[in-house]
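Sequences listed follow chains U and R, in order. 169 is the number that full-length UniProt numbering gives to position 169 of the first sequence; each next residue is one higher, with no gaps. 310 is the number that full-length UniProt numbering gives to position 310 of the second sequence; each next residue is one higher, with no gaps.
The set of hints was computed from the structure by calculation and includes no laboratory data. None of the values given here were measured: they were computed from a predicted structure. Here a beta-carbon is modelled for each residue, glycine too, at the ideal position from N, C-alpha and C. This list has only true hints and no planted wrong ones.
Subject to a maximum C-alpha distance of 27 Å in a straight line, what follows is the list of computed DSSO-like cross-link-like pairs (lysine-lysine): (1) K412/R / K226/U; (2) K109/U / K79/R; (3) K407/R / K47/U.
Looking from chain R toward chain U, a few residues come up when the C-beta cut is under 10 Å (computed): (4) R59; (5) L66; (6) N418.
Quick list of simulated restraints, FRET-style, between CB atoms: (7) D78/R / E115/U: 17 to 27 Å; (8) I216/U / K3/R: 49 to 59 Å; (9) T283/R / I216/U: 38 to 48 Å; (10) K226/U / E251/R: 42 to 52 Å; (11) K226/U / P403/R: 21 to 31 Å; (12) K79/R / Q236/U: 43 to 53 Å; (13) I216/U / I166/R: 21 to 31 Å; (14) Q209/R / G151/U: 49 to 59 Å; (15) G569/R / L193/U: 55 to 65 Å; (16) K47/U / P491/R: 44 to 54 Å.
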Amino acid sequence: MDRRKFIKNTGLVMGGVIGGSLFGGLLTNQFQSEPASKETVVEDDGKNARIFFNRKEDFDVLSAAVERIYPEDDNGPGAVWLGVPYFIDRQLAGEFGNNGKEYMQGPFKDINNSERYQSRLNRGDMMLEGLRTMNQVSLKKNNESFDKIEGEKQDEILAAFEEGKVKMKGASTESFFQLLRQMTIEGAYADPLYGGNRDMMGWKMREFPGPRPAYINEIESEEFVKHDPISLKDYQP
Amino acid sequence: MPKKLDKVDVVVVGTGWSGGVVSAELAKAGYKVVALERGEDKSTKDYIGAKDELRYMSRKYIMQDLSLETITSRTDMDKTALPVRTQDEMMVGNNLGGSSVHWAGATYRWNPFEFEIRSEIEKRYGKDRIPEGSLLRDWGISYDEIEKYYDRWEKTAGISGEEDPIGAERSSEYPNPPTVETPNLRLFKDAAKELGYHPFQISSANVTQTYENPDGQMINQCQYCSYCTHYGCDFGAKSDPIVTVIPTAKETGNFELRTHAYARRVTYDGKKATGVIYVDMMTGQEYEQPADVVVLGAFTLANNRLLMMSQIGKPYDPKTKTGVIGRNFTGQFNITFLGAHGFFNDKKFNLHMGGGALGATFSDLTGEHIDNSKTDFLHGGGVEIRQYGDAPINNNMVPKGTPSWGKEWKEKSLFYANRHLTVWFTPGVLPWWHNYLDLDPTYKDTFGDPLLRVTNKYTDQDRNIAKYGIEKSKEIMEKMGADIVDVDEVPEEFDHVYNGAHYAGGVTMGEDPETSAVNTYLQMWDAENLFVVGASAMPHFGDRHPTATVGALAYRAAEGIEKYLKGDGGLLIKPKN
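Chain R on its own, in the form it takes in the complex (with noise of 0.2 Å):
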């Protein structure tokens, strides 16, 4: 039997930006906040030092324990799913900040077309454009609406940013001025310029100037030590919860923080969430939280576990495409980020200097902007260039055709190691009927209980898109003038590699409980006083990063448990239908 003890206003789960936010808010309003960690406390005074590529890059060091829990993983439902066993092939953050402290940086908002996607499509091309089996709607708000929400995180975390020259319209700029232009981004700017496009710096969490931000939280200035993605920052200067609503929660006095607390259950009365039954894991003490509010803040995958785990929302069943938990699961896999590799004979650059987000982009291709009309495929993408800072292990880009390994592969690793550059393509990811997810019959996590089982497959509209998106950055490349340009080639099939952390769904906003979970304050319909905030209310994937998004949906779930704290409870938007 699992420890009871006394009830709080809130507890929540999972400590990145959404569980972070959340947090911070409510304790801010003078809430009593318990937060769930499942990994360790972490403060910037661990990653001081913390540049070890082996460490942290390999070893996945701040990444999920698998041996204690991990995802199963096939193509179709007809088939069996393998369990994902190695970090090689599964990055989901761990520890106080979660996926947030190892993330690049890179943040954009979504453009207005993505958050009215079905209405936009019909409008531009005709319903018939809509393909069999999607699962494309509307998510219940719109740009106009999720602005201001964007704007509240975007000054929490000082994003360093240009405005987009053909971007949706901003209540105001961005808090802290652009990252550097350096000499291989400008020249992607003039070749985009050149054929058209609108080139811009991409915005950045990486901090350019010191910055205090709303709540009195101190960023420090980014100085391009290229120890980014991955990794925690050494000088405290890539935003994340640690250093921003992390130590603002806690300044309240309002926010008790529980480090190695797993949680495993939400507990249901039918009607109302009642708390969380986590296990303390230096311990083994089972202990139950009970709480008026209950927030599930934890990655798109445990929110979606520990829901079905509990029993709480009705399951999606592919065979009739009814039930909501686990649909519309979306995600950025071998089929994204596809694009064109330049090799320079004659040019080096200071690859090994950089910074997360450190980048150029632009947005004439994305699904705002681009004409589906004569595509063989719908929405569109970005183009970028970034300049990470590639540390020796893991870049080693050599021109197609040359051995993977001995005395030509090292001689050309060799030299082309400060003299490639890479062109990519994010596009956005559409829902699926056959796309989701549940739980596996077969394995089991340290406690007994399931894995989470993922289906997903690719469609035409998975590959026709990638090719689109490997032509343009193509055409960049040659233009930046590389000596040679490789492309990528398009994958026939899934390879179940989850390296990028950019899954969503599962758990969706919209306005019809028949095929959402939650509502656009991410208030579920069956469970008044539980929140599921994270990209598991995302419907679909975008075509940019996802992270400015799911600060901006954090802020917005915030504003709605306030709401239904000061008030007589209910929903705080009823169904439409």
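Looking at chain U on its own, in the form it has when it is part of the complex (with noise of 0.2 Å):
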């Protein structure tokens, strides 16, 4: 199968697996004239494992946070689907996590600065903090974890933290809240390789093409150019 035609089948079988909402979406891009296949390959089911977040009960809070600041609506997936508490476990576990090229020397004079990181906490150490005191919150107002209750007490608790309502260890709660936002984004629209932006939905959402070598033939164009996406591993040489 070609790559262009893997590319369209997928979205037509995400259509069906999320349900008539994303297909109605669809319908108004370039998928609309596509027949369905019925053999369809998909490539990447979402399935994976985790190397930071040693706790399931961490890692559902995360899933479960992500979806309410990128939620699943009728332009498409939500970050669940996307992959987005996945990506965030990788980048955690790696340099951006550990703060390898960030200065981490003391004295930390101001360590809840909301508008100035100068926590001691690196930010995967501040991730884990931030979701677990999420979810003490939620224990204590609702009487079950944050993954279990409905969505817009789900928000209640989101906005209190982004706001720095709620007292955490080691950071403010709106510096965690920033970073998990700003983690979420970068899960729905970073390219596929990071373990996010599934089957690059998160571009097809924005009709953002993804690495193309040239727009110089089309740049000048009063009408907006719609492409199928790329992704490194089909650019890079």
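These two chains come separately, so use the hints to put the complex back together.
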């Protein structure tokens, strides 16, 4: 199967998986005229394993939170389907999560500064502490873990963290929330090679074509020019 | 003890436009040049296939590793400075070519007004108009004198441009034709014309046709692929030192590049610099490289810190307003590049296509042309629209009032992904007695040396000029027909985020050693064989992007160094006082 056909097919398969609302969204784009194929190859089924989050309960809280930040809707899938929790898991296990290129020497004078990064915690620690604090708030308030409560209740807790109304150890909850939000967006839109943006659906929803060599022949067009996206896997020499 | 190496003619710290131009010119003139680069060796090969937004734009892959060294920052001299800890808050280029690799490529000659700013303001508006506490002064060089160096650098870089209809006189045309006029740029230009301005295409180091520069280096044609600012170019089509001056220097056979070479001190005998001490970061071995001429061609911050660490030149003391090193620090931070955001409900633009310098602008509101007799600020600014090529992680503009996450945010950010445009204002920044650089008393780098400390706060001048720029940007965006026009807010205070890479001063040029560190050949008053090249020499920040002026000053310095090496030594220009 050639690449072009593959992209179209996976788009349609996904429409079936997620349901009618997504399919409706897809009808407005390039998949419109393509008939559904019975023999579809799903290259990426979204299954993965964790390398940073040891406890599944922490990962479940993360998954619930990122889905509220970037939910499934008529435009297409949400953060969980896109693989954002696994993206975050991988990023936190590496240089970004352990602040490998950041200045982490003391003294740490203003660890709760929400405007500037002055925490002693690296991003991995900050994420873990923030998620656990969120879960404790949920257990206290709702007698249920964060991932089990209704979406609107999850939003209330997320908003309280965003506004710094809750205290956590080692950093401000505003800083934690900003990190969570930033990494959610990254996971939705980074090249699929990092484990998110599954099937490039993040890009397709915003008609972003991924890495392409040249637009010199199209850039002056008065009309919006659509492209099937490609990822680095198919771009890099 | 550092291992002492054999003496060379010239040792250069840094390989960006400053260090690169000087290295190429002196190597071409037959001098033995050693260049020290703290980062890795890089070539176009490293950037082929580099179209990865997460790695380059979000994770700042080719920027300075802050675990080794950063800066500290505060607003007032009575406050404790805190370190700028993360790459999200700090952007300084690293590796061969330095910041001149990740740059966008927008090039402007600064107006004649900039070089004689104090005299011009006094002449136009009277002596009383110079604000109290401002360190504004002339540069000691006029536009007419610097013009030939601009011309030389533009040819080296293959700048692709259109003449500014109200710009200063040029001795020759741009070497390459301007970038393409896309529908969104045309919309801006039409609106600007209707408002009586004189728009033109931003001149660009995204080169518009295959070009051979005067040194015989080939630069490829820009494809508007959009992976430009923050990236190294996939095609060798963005002019940078890697495709121009560095290979030129190498081809002479007189140039030796040492990468992973972290400069720590300039050695100094009280009258002259004798060499540079650096660490080979691969082995840990410390070396002393003696030379007849020492050139600091690193970034503004590094040039300042190296002089302070080496105790060369009198450090600036804000309490007495005496001393020079660290004086006249300026930069473009969160109070610059503000403007208006337009959201179009029925129009879609090809925003995923573009180039770093692809854009349009006009000069009618710059310090040269504006009438400051009626404004509550001095100086002016450029007005720009750019088409960088928007990638999805870092471009999620939504109308004001939209939540910052959740269903509504997702819906609006997707809808407007290709339906928003920004017009912004690039104001000139004046130097103040209370904004300066020195060494931090607390925080240390990886070697145990003090970090550089920035003290920088805003004044009413900064807030008023920003307000004006936002208002003008809004008028244009409304004329462009946006359905929703949002404006940026003027920040009360500096946020300590250094993400624009436009920081200047501290080792400024001038005519008087009481207020300047170097003469107009960028030769230090206190060490005749030490030349400090780069934006560190700028006594204030002009109202356009700085790189062409950095390039021009580098050619000027190279000419001075050659004169110095050929002559009998001494200062090439004598102090005025």
